[in-house]
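Generate the whole structure from the sequences, applying the supplied hints.
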Amino acid sequence: MGQLGFKINLAKCVGCRACAVACNAEMNTVKGTRYRTVIEKQGGTEEEPKRLFVTMSCFHCEEPACLKSCPVDAITKDESFGIVLIDQDKCIGCKYCAKVCPYGAPRFNENTKKMEKCTFCVHKVLNEDRSVLTGLKPACVNTCIGKALDFGENVGNTGDAPSGFASRDYTNPSVTFDWGWIEPW
Amino acid sequence: MNIKTLSKQKDRNPENKFKVTRRTFIKIGGAVAAAAICGFELRNLYAVDDDINPDPNAGDTGVKVIRTACMMCNAGCGLQVKVKDGTAIMIEGNPFCPHTNDYSTAGTEAVLSDISEPDKYPGTPCARGNGGLKTLYDPYRIKQPLKRTGARGEGKWQAISWKQAFDEIIDGGSLPEGTFEGLKAIRGTPDSSKRASEKLTTDDTNYASEAKSGDPANFGYKANRYVWIRGRDQISQITKRFNDAYGTVNHIEHSSLCNTNYSIPAKTTFTGPKSAKYSYMRVDLDNVEYLILLGTNPLEANVGTPYWARKLMAFKSNGGKLIVVDPFFTHTASKADKWIPIEPGTDLALLMGMMRWIIDNNRHLSNYLSIPNETDATTAGYKNYTDAAFLVKTAEGKGEEFLNASEAGISEGVTTLSLDISSSDKVISVQSTSTFPSKGFIKIGDEILYYPEKDDAANTLGTSSNGCIRGSFNTKAASATSGTSVVVPFVVRKEDGTITLYSDASSATLDWSETVNGHECSTSFKLLKDQVTSKTVEEWAALCKVSADTIQTLADELSSGDKKACVEAYRGAWGHINGYQTSRAVNILNTILGRVDKIGGYCTSKRFGGKDPSKPVSSGLTSGVRIDRASSKYEGTLETPTRQWYPVASVVTQEAIPSMAVGYPYKCKALMFYIHNPAYTQPNTLGVKDALTKKNGNSYVIPLVVSCSIFMDETAALSDYILPDSTYLERYSLPFTSYPTVKTKSATIRRPVIGSYKDITVEGRSARVYIPDGSSLDGSSFGIVDELLEAWSGPMPYDEQLIQMAKKLTIPNFGADGMGTGKNLDTAYQFWDETLALGDFSNGLGDEGASGSPGDSTESYMTMGGRWENPKQVEDPSASGWAKNRYDDLISIFSEKVAHSKNALTGEEYSGIPAWEKPNIGLKGAEFEDAGYDYTMNTYKRAWHVQSRSTSNEWLLELQPEGFIYLNSSDASSLGVLTGDEVIVTSPNGQSTEGKVRVIKGLRRKSVVIDFHFGREWFGSKPYTVDGESSDYDSKIGVGPNANVLQRGDPDFSDICLTDPISGQACYYITKVKIGKTLKKGGFERWAN
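Residue numbers (the working numbering), protein chains in the order written: chain A, 1 to 185; chain B, 10001 to 11089.
It should be emphasised that the hints constitute simulated quantities derived from the structure, not laboratory data. Quick caveat, the model's predicted, so the values are computed rather than measured. Treat the hints with care, as some may be off.
[Said to hold, decoys possible] Heads up, simulated DSSO-like pairs for lysine-lysine below, C-alpha to C-alpha not over 30 Å straight-line:
id : chain 1 : residue 1 : chain 2 : residue 2
1  : B       : K10338    : A       : K7
2  : B       : K11074    : A       : K50
3  : B       : K10872    : A       : K7
4  : B       : K10563    : A       : K50
5  : B       : K10338    : A       : K50
6  : A       : K147      : B       : K10941
7  : A       : K50       : B       : K10564
8  : B       : K11074    : B       : K11036
9  : B       : K11077    : B       : K11022
10 : B       : K10163    : B       : K10667
11 : A       : K7        : B       : K10941
12 : B       : K10426    : B       : K10606
13 : A       : K50       : B       : K10545
14 : B       : K10611    : B       : K10476
15 : B       : K10694    : B       : K10163
16 : B       : K11077    : A       : K50
17 : B       : K10064    : A       : K147
18 : B       : K10274    : B       : K10494
19 : B       : K10321    : A       : K147
20 : A       : K99       : B       : K11036
21 : A       : K113      : B       : K10084
22 : A       : K7        : B       : K10321
23 : B       : K10184    : B       : K10611
24 : A       : K50       : B       : K11001
25 : B       : K11036    : A       : K113
26 : B       : K11001    : A       : K7
27 : B       : K10338    : B       : K10941
28 : B       : K10611    : B       : K10426
29 : B       : K10147    : B       : K10184
30 : B       : K10872    : A       : K147
31 : B       : K11006    : A       : K50
32 : A       : K50       : B       : K10321
33 : B       : K10563    : A       : K147
34 : B       : K11036    : A       : K95
35 : A       : K147      : B       : K10084
Printed below as a string of structure tokens:
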């Protein structure tokens, strides 16, 4: 058993947003509280432009800032697989976690007045008592058309993060970046 | 690695420890979305409950997984849908469908055991596909038939019953302006076989002199006064059946707004003359190593985004080289090794320049091109051959027609008919077959036929066991009388100088012109060479504004070595008035490099399919000239017609509505739309809106307009009746199968995932009927159709609507014995059951619905959602390097059909070989400059939207709440605008649109790109009333600019858009516009990039 994390191949992501919509569909998110979003970066010059698509969600950090900020202990990190979850019964909607997350993962649900975020599709990926992987994949990983987004245990948290991505030093997000055939930028 | 166990003691001052904020990471897309999100109405339109409540998994109690096909675009990717308690809860990809998953089969064809636990390990739909539930459960869907109570477009409606709707549409009724004739009266009196039989008269037209022989009866049946136009119709087996049986030729597809410059060039290059069917060709993405894409962005659009993304990214991972030619740096361009921002509308020049270099440097495959027949090509190891060496008669250097054996003065291959023949005869009796090859082509009159076998003893071409294929090469099967000459239509010159039948030379002279038996001739290849060498590479470069060095590099890379290379183009390259020739140039370039049918090259595919059910009445159903004059040669007595005629085109959608408004060439009485929204989607949209609202005194010129749609779209809003359809998740069909995206034989089945079934009797005959969720059918025994209509409430699938309409109209091929003796056509279920069973799905729908619920068939192809041959087997195992599914036929470099056609307005003959034409020319040959309008406009289809019908989809709209106007940074600077500032874009057609700018890197200077999908007038963005009550709406749907209103009209026909005269293709990418600042400034963060 090990820390679950995402593996993102930045060369293969085509920026289609299928992952974001699959997450909405799987998690029945309320409008305005999408857990997964795709950032577009522009670079290069007019003559030789560059584009990068970076899919962002909760990265279930090893040192989650959200957990440390929560005044009511609503946020927990699972011991076996490291999934970070916000307990809807305990959350008071103070938004501290949203303030401190380097990646914008916690979202405020206007209906419930509480914070929500990516759960790593814990309801699919782990069994009832969260002791074992089921073999099922998160909805975002299932749908990635370019085969850019994957997940696994102990993914290694390696690879250059795209420039502008909040430093790993703060919270140690569980994500490995692979740049494929392109130069990191 | 140990996971740290974090204590429950937290640092209560997170700000001290973590000095990070969101702004550390520059979110470009996010900034835009965030600003908009704050303004969103946060009502949850669809949720199981307000808590985080993820979907149950496949395999959980009560969860069914039903496989079907998507229709969020037209690719028809296989889906599997999780359904719980009759509600669709999650859409995923069908892993058996190669669009969304790579796998291989144990046997030749997929079986369930080929994929382990397929319910749990789905394939990959794109954003649109994933969003389908929000279309199914869209709160703005129309749920009942509506009839307008105000003027067209006023937004005042009343809800009516299906019975009232059909009664009025069929028998006539009244609208606020007065009464109108219904479909029954429009059709006129039928004959004894219930066919339309009354012909159009001088009462029906002010243009009788433009009919053949000046006789309006040659315009066809009165039934032609009913015009039907479709958009995303994937049930064409039944829509065509209805329109044919009704008796109208005006079954108008949307193709000229879509892919006509892909299909007509395919029809005239890959004519499949042996089978009289044409083949579409696409790059074999599984094996290609070097790919040039022109004017297409398949990572967002094209046909099969999931397939393209997976294959193209694997291709790049494996070292593949991608070149993207496009004025705009799209998502696809962002993955390219080289992006070439070409001058819009000039891809033809680039291709001609490349061919120039290739021919000058002998990089074309002369050995292959010199082989003039199938037998010798096969011997030499090729799987197809070309007309490159065929001799073509020329007039002033222009190719006109192939030189036939008789004209060449050869004695072989010349005879006469010894018996009369009809257009359906497959055994042709001639005086003598002895000098004819064992199989091949013959010409009788204007028709070219293919005979697969001959009988020298009986002197027949074609035998009873192996009959002729009639109407090859885009010619029409016709009757002919005994004594008519029968000749071999193709001859070549051998290296020793003799002229011989194409079948009598293993290799022929390729590059040659001379006079033969008094006829000036060139080989097809020479005609091509003359055109490409008419300019130097530098001159071609100057036309397309791509450097000569780049053209040479591309030509060199494409044609060198053994690598698997291919060129492909789509709308951006040929959505122009010169697009027919551009698309032909792509086909020809791939051909002269020998890429056709090779793995990693330009390939076709095969399909499993259904077969149209038998038609008890099948001949003489329709006649005359289409309202868009497609496929008709102008033969009127007046020298020049009033509007253009399009003999080569199969459809010119943009002509239909404006022509109806001016009664050209005849006056029409009714118009029906099926999933078609031209009041938004047709370029130069004002022409459509004006036509639909044009009045003659108190009445509308087009008296009856019916829209069969799910939404209150811009066209439904202008209609008289709206008949609500069901969604693609609530119907049967065999999706769009033409595009050979997947190179192995395949088919996806579309079937309902929710709703119910009922076994009923209608007029004493039993049938099963499918009822969508949200609709209901009271009772199960109906004496007459009207009783069924009275018992139905809620949306009715369009195929069901047509069947009931057909029965009320008593047209043939529907109802009792409608599909043959003992085969009744009373419900859509029966139609699809028969269509599948007659085709490759031997048990039809597999008794689906017997339990009353969807997805209960145990038939394996139903459970898997289709049939697929092993997707890994693209290569022919017995022919290394060649694709398993092949074109396998004669490739046309010279198109005789096009060469025989001319522009009816100017008399100019069209060129059967790609020839340069500027992109700024109208139908009458008028060149337009639009000085002062200095930005060339491009439209943009996003990966998360489709045409006009996804705009209100909550999940998709949330990704990008507003449409934008894209400018490059230099142009933005010169205009003094930043991202978020509002500009007004004005067209020479007088229309303008406003929207917010996004400054980007990666756009040709003086180009502007405008998002499609937005700038909506209706579609849930404003209310309408039904029986006085206001509908729900959300003003944030579809905010932004609308580029279609800006699209330029033809200089001589301002009611239609720019149009390619050869194929009828609508032009979307050449309009020049002006851009100016409005006074509104943007509210977004500004940043430097």
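So, going through the hints one by one against the coordinates:
no.: 1; hint: B:K10338 to A:K7; result: holds, 27 Å
no.: 2; hint: B:K11074 to A:K50; result: holds, 28 Å
no.: 3; hint: B:K10872 to A:K7; result: holds, 27 Å
no.: 4; hint: B:K10563 to A:K50; result: holds, 27 Å
no.: 5; hint: B:K10338 to A:K50; result: holds, 11 Å
no.: 6; hint: A:K147 to B:K10941; result: holds, 22 Å
no.: 7; hint: A:K50 to B:K10564; result: holds, 27 Å
no.: 8; hint: B:K11074 to B:K11036; result: holds, 27 Å
no.: 9; hint: B:K11077 to B:K11022; result: holds, 27 Å
no.: 10; hint: B:K10163 to B:K10667; result: holds, 28 Å
no.: 11; hint: A:K7 to B:K10941; result: holds, 29 Å
no.: 12; hint: B:K10426 to B:K10606; result: holds, 25 Å
no.: 13; hint: A:K50 to B:K10545; result: holds, 22 Å
no.: 14; hint: B:K10611 to B:K10476; result: holds, 23 Å
no.: 15; hint: B:K10694 to B:K10163; result: holds, 29 Å
no.: 16; hint: B:K11077 to A:K50; result: holds, 28 Å
no.: 17; hint: B:K10064 to A:K147; result: holds, 27 Å
no.: 18; hint: B:K10274 to B:K10494; result: holds, 24 Å
no.: 19; hint: B:K10321 to A:K147; result: holds, 19 Å
no.: 20; hint: A:K99 to B:K11036; result: holds, 28 Å
no.: 21; hint: A:K113 to B:K10084; result: holds, 28 Å
no.: 22; hint: A:K7 to B:K10321; result: holds, 25 Å
no.: 23; hint: B:K10184 to B:K10611; result: holds, 29 Å
no.: 24; hint: A:K50 to B:K11001; result: holds, 8 Å
no.: 25; hint: B:K11036 to A:K113; result: holds, 23 Å
no.: 26; hint: B:K11001 to A:K7; result: holds, 28 Å
no.: 27; hint: B:K10338 to B:K10941; result: holds, 22 Å
no.: 28; hint: B:K10611 to B:K10426; result: holds, 22 Å
no.: 29; hint: B:K10147 to B:K10184; result: holds, 19 Å
no.: 30; hint: B:K10872 to A:K147; result: holds, 18 Å
no.: 31; hint: B:K11006 to A:K50; result: holds, 20 Å
no.: 32; hint: A:K50 to B:K10321; result: holds, 17 Å
no.: 33; hint: B:K10563 to A:K147; result: holds, 25 Å
no.: 34; hint: B:K11036 to A:K95; result: holds, 27 Å
no.: 35; hint: A:K147 to B:K10084; result: holds, 29 Å
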